[in-house]
Structures are given as C-alpha cells and as structure tokens.
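Asks: Single-letter residue listing:
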Amino acid sequence: MALEATFWILAVICVGAALAVVLLGNVFRAALSLIVCFLAVAGIYVTLSAGFLAAVQVLIYVGAIAILIILAIMLTREVQRGSPFGGLRVPALIVAILCLGVISYAVVATPWQVSSVPPLEPTTPALAGRLFGEGGFILPVEIVAVLVLAAILGAIILVREK
Amino acid sequence: MSIGLDHYLILSAALFCIGLYGALAKRNAIVILMSIEIMLVAASISMVAFSRFVVPLLLTGQVFAIFVMIVAAAEAAVGLAIIISIYRNRETIDITKIDLMKW
Numbered sequence: 001m002a003l004e005a006t007f008w009i010l011a012v013i014c015v016g017a018a019l020a021v022v023l024l025g026n027v028f029r030a031a032l033s034l035i036v037c038f039l040a041v042a043g044i045y046v047t048l049s050a051g052f053l054a055a056v057q058v059l060i061y062v063g064a065i066a067i068l069i070i071l072a073i074m075l076t077r078e079v080q081r082g083s084p085f086g087g088l089r090v091p092a093l094i095v096a097i098l099c100l101g102v103i104s105y106a107v108v109a110t111p112w113q114v115s116s117v118p119p120l121e122p123t124t125p126a127l128a129g130r131l132f133g134e135g136g137f138i139l140p141v142e143i144v145a146v147l148v149l150a151a152i153l154g155a156i157i158l159v160r161e162k
Numbered sequence: 001m002s003i004g005l006d007h008y009l010i011l012s013a014a015l016f017c018i019g020l021y022g023a024l025a026k027r028n029a030i031v032i033l034m035s036i037e038i039m040l041v042a043a044s045i046s047m048v049a050f051s052r053f054v055v056p057l058l059l060t061g062q063v064f065a066i067f068v069m070i071v072a073a074a075e076a077a078v079g080l081a082i083i084i085s086i087y088r089n090r091e092t093i094d095i096t097k098i099d100l101m102k103w
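Line order of the protein sequences matches chains A and B. Throughout the first sequence, residue numbering follows the numbering used here, covering 1 to 162 in sequence. Throughout the second sequence, residue numbering follows the numbering used here, covering 1 to 103 in sequence.
So here's chain B without its partners, still in its complex pose (with noise of 0.2 Å):
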C-alpha cells in the first residue's frame, strides 16, 4: 500500500490533537507555547499534502505554509516576551497563579 494523501492528513491529525491535549491540559505557559508550534507545524503538513496530492503544478499550499512559518515565529516571539516580563512581575509562569485579568 502506497503512502498517500490520508496518511499525510492522519500525520497532521494526530501532530494536531497532542498539541491540543498539550495546550489544554499542561500548567508551564512555555510548554504551552510549545504545544501551539506543534499544532501550526501539523496544520502546515496537512497544506503541504494538499498541495502535493490534489494541485500539484499550483503549490498554493507551499506558499501557504511558508506564511505559517512567518506567523509561528513572530508568535514565538511576542509570546515568549510577554511570558518573560510576566516572570519578571510575578516570578511565576504557572498559568494557574497568572489571574490578572480574571474578574
């Protein structure tokens, strides 16, 4: 049996639902972080098979995943800074003690 477009979509299916449970389920916000990079990375795999098995001369999907990349790492960035001057109020990134905004 040959690999074809469900085995890339199942990939990124399952890529996907670990970075969910991750982001759901964990306390550190970093781990958390790294849970939302696994999820854009499974959903820049499911475009890229798209884009491999259904249109493969257009490459929209590529282009696609490209600005992904671009989004994931400026969301690296701002996330990351945004946890750091947390930490650096209130010595903790535990998500659970962060309720500055909660009402």
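Bound conformation, chain A alone (with noise of 0.2 Å):
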C-alpha cells in the first residue's frame, strides 16, 4: 500500500516538473524543474528495488548534467529571450499524443511474463559482479571509457578560445 502510494506520488511529480520542462516560458525555471523531474526519477528506481540506480541517478544527472545546463544557460544569456515554441507546435503535439496512444497500447495489450520471484537487495554487489565479473559487461565498460574521454577532449576543443 505504501508502495502505491509513493509510486503515485512520484509518478505525479515526475509527470508535472517534465511538462513544466517543457510548458515553462523562463528556461532557468524549465532547468530547476527539471532537477525535480530527476529526482523523482531517482525515487521510482528506489520503488524498483533499484537504490544503487538511485544514487547514481542523484550523482550524475542532479549533480553533473543539470549543473552543465544551468551553466550553459548562464554562459548564453537566452534567459531574457525565454524559451518560444516554433512553428511546430501543433504538428509536433499531435506527433507527440499518437506516439503516447501507440505506446500505451502495445503496453496493455501485450501480455508480458511478468516473473513473482522477488527482486534481488542489496543489488549493488550483483551489479558489480554483471558490469566486472566473468562473462560480464567488461568490454562496454571500456567502450564507455574511451567514449567519455572522447566526449571530454571534444568538449575543450569546441569552447577553447581561438
């Protein structure tokens, strides 16, 4: 019961700060709403019995990618001209409301196999084990590696003054 009840209440959060994301005119207040959409989101993970998930969404998406946002929209002064819809706006809501029917459909209407075994707690040793243990995830772990160093270099490169 409890359960339900903090999935609703987060699913609500969730839902609202995103379209606040979206709906807002002032992009500083889109950015901070956005934070809430990604803490709720680190609450459903804890719901899913996923608290490493959690935590790390905490971590990078609170702590590092929203702070690069609000620091990209200091840098680009765009606050004052706030944050207009284009010429899309109609096409784009109907795109949008036809993907959601569609989606929303394929979910209920699929039968899904859903297992009743209860989920694994605490996961972050079994989590450990699947990305750096045998038969494992250790290969796309450095991918990933030479990706963000990638991404890093990329990033000084392009704002370096000439």
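Possibly wrong hints are sitting among the right ones.
Said to hold, decoys possible - Coverage of chain B stretches by chain A, computed from C-beta distances (three or more under 8 Å per stretch; other residues unrestricted):
{"#": "1", "stretch": "7-14"}
{"#": "2", "stretch": "31-41"}
{"#": "3", "stretch": "80-89"}
What the hints assert, rightly or not - Within a straight-line C-alpha distance of at most 20 Å, the following computed SDA-like cross-link-like pairs (lysine to any residue) qualify:
{"#": "4", "chain 1": "B", "residue 1": "LYS97", "chain 2": "A", "residue 2": "LEU75"}
{"#": "5", "chain 1": "B", "residue 1": "LYS97", "chain 2": "A", "residue 2": "ARG77"}
{"#": "6", "chain 1": "B", "residue 1": "LYS97", "chain 2": "A", "residue 2": "ARG89"}
{"#": "7", "chain 1": "B", "residue 1": "LYS97", "chain 2": "A", "residue 2": "ALA106"}
{"#": "8", "chain 1": "B", "residue 1": "LYS97", "chain 2": "B", "residue 2": "TYR87"}
{"#": "9", "chain 1": "B", "residue 1": "LYS97", "chain 2": "B", "residue 2": "VAL71"}
{"#": "10", "chain 1": "B", "residue 1": "LYS97", "chain 2": "A", "residue 2": "ARG81"}
{"#": "11", "chain 1": "B", "residue 1": "LYS97", "chain 2": "B", "residue 2": "ILE82"}
{"#": "12", "chain 1": "B", "residue 1": "LYS102", "chain 2": "A", "residue 2": "GLY87"}
{"#": "13", "chain 1": "B", "residue 1": "LYS97", "chain 2": "A", "residue 2": "GLN80"}
If you're looking for bench data, these hints aren't it; they were derived computationally from the structure. Every residue gets a Cβ at the ideal spot worked out from N, C-alpha and C, and that includes glycine.
Since each chain sits alone in its own frame, please combine them into the complex, following the hints.
Replies: Written as structure tokens, this is what we have:
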C-alpha cells in the first residue's frame, strides 16, 4: 500500500515537472523543474528496488548534467529571450499524443511474462559482478571509458578560445 | 490494484512523449537538449522496470541504464559545448536562426 502511494506521488511529480520543463517560458525555471524531475525519477528507481541506480541518478543527473545545463544557460544569456515555441507546435503535439497512444496500447495489449521472484537486495554487489565479472559487461565498460574521454576532449576543443 | 510493469511502462511512455514534444516544438537549443535528457531518462525507467519485473535476478536492465546515463552525460557535455561555441559565433541559440548547414 505504501509502495503504491509512493509510486503515484512520484509519478505525478515526475510528469508534472517534465511538463513544466516543456511548457515554462523561463529557461532557468525549466532547468530547475528538470532537477525536480530527475529527483522524482531517482525515487521511482527506489520503488523498483534499484538503490544503486537511484544514487547514481542523483550524482550524475542532478549533480553533473543539471549543473552543466544551468552553466550553459548562464553563459548564453538566453534567459531574456525565454524559450518560445517554434512553428511546429501543433504537429509536434499531434505526433507526441499519437506516440503516447500507440505505446500505451502496445503496453496494455501485450501479455508480459512477469516473474513472481522477489527482487535482488542489495543490488550493488550483484551489479559489480555483472559489470566486471566473468561473462559480464567488461568490454562495454572499457568502450564507455574511451567514449567519455573522447567527449571530454571534444568539449574542451569546441569551447576553447581560438 | 498493485503497481505492476504496466504502470511503469506507461509512466515511461508519458515522459518520453513529453520529451518528444519539447524536442520537436521548442526553439531554444538548451531546452531541446533538456527534452532529450527527459527522453533518455524515460527509456532508462522502462529498462529498469523490465529488469525488476521480468528477470529480477539478472539485473541486465540496470546495467543498460548505467550505460545510458554515461552516454547521456557525454552527450550533454558535447551538446552544450557545441551550443556555447555557436552562441559565441552567432550570438543566438535559436535553432531557426542556426542555418549554417541548410542547403
């Protein structure tokens, strides 16, 4: 019962904050609602018994990505101009609603093979085993390290003064 | 009625469509980047939900969500760097005015 109440509260906060990101005219307020949305998603991960992911979500999304976005907003001074809608507003709304309808129909109509096994707790040692253990994801981990290095170098080169 | 896989998948679909609407309808490049982050988070939610309800002992969905987060961080860094460098050259980040590559 408590889990259901938590899920509904977090889901409402999450969708409301995401709507605020899209609909608010002030870019800075949109970035702050994005932080609220990310925190609610961290709560959703907790209800899915993914504690490690919730912590990483707060660290990376709220701690790093949101700060980067706020920094970029301050560096570009677009706050005065706000965040206007383009000419594609109505077609975009139609596409988004169609997309939501199709996905919801597919989700409801599919008979999912839901397992009744209780989830693994705590997940951190098991995740470490999956990532670094035998037959795990060690090659993707190495590739992702190269990707992050390339992204850092690319970002430095792009913003460097000529 | 208890919370099942469907609830999480529909929440994820709603978040994804909100992000899609923002990415298509907005003109400010930073707001478009924020909408893309919302879409990535929505995909992560559905992967963690599948991992929790379909294969609770394998954790593959959570590993995928970790990789999605890393790629999102790299994408945000490079995307914001591109936006800042465009702003330096053209004094705007309105995507209707950024037409360098228009043919």
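Asks: CA of B/LYS97 to CA of A/ARG89, is that 20 Å or under?
Replies: holds, 17 Å
Asks: Mind checking the alpha carbons of B/LYS102 and A/GLY87 for me, to see if they're no more than 20 Å apart?
Replies: holds, 17 Å
Asks: Are B/LYS97 and B/TYR87 close enough, with their CA atoms no more than 20 Å apart?
Replies: Roughly 11 Å separates the two Cα atoms, so the pair holds.
Asks: Quick check: the stretch 80-89 of chain B, covered by chain A? Criterion 3+ residues, Cβ under 8 Å.
Replies: Per the Cβ count (7), the hint holds.
Asks: Residue count check for the stretch 31-41 of chain B against chain A: does it reach three with CB-CB under 8 Å?
Replies: holds (count 7)
Asks: So if I understand the rule, the pair passes when the alpha-carbon distance is 20 Å or less; does B/LYS97 with A/ARG81 pass?
Replies: holds, 14 Å
Asks: Does A/ARG77 sit within 20 Å of B/LYS97, going by the straight-line distance between their CA atoms?
Replies: holds, 16 Å
Asks: Do the alpha carbons of B/LYS97 and A/LEU75 lie within 20 Å of each other, as the hint requires?
Replies: holds, 19 Å
Asks: Within 20 Å, alpha carbon to alpha carbon, are B/LYS97 and B/ILE82?
Replies: Since the Cα atoms of B/LYS97 and B/ILE82 sit roughly 15 Å apart, the hinted pair holds (cutoff 20 Å).
Asks: Given the hinted pair B/LYS97 and A/GLN80, is their alpha-carbon gap at most 20 Å?
Replies: Given that 20 Å is the threshold and the Cα spacing comes to 17 Å, the pair holds.
Asks: Check the hint pairing B/LYS97 with B/VAL71 against an upper bound of 20 Å on the C-alpha distance.
Replies: Distance ~28 Å between B/LYS97 and B/VAL71 Cα, so the pair is violated.
Asks: Hint check: B/LYS97 vs A/ALA106, CA-CA at most 20 Å. Holds or violated?
Replies: At roughly 38 Å apart (the allowed maximum being 20 Å), A/ALA106 and B/LYS97 break the hint.
In summary, the structure is inconsistent with hints 7 and 9 from the numbered list given earlier, while agreeing with the others.
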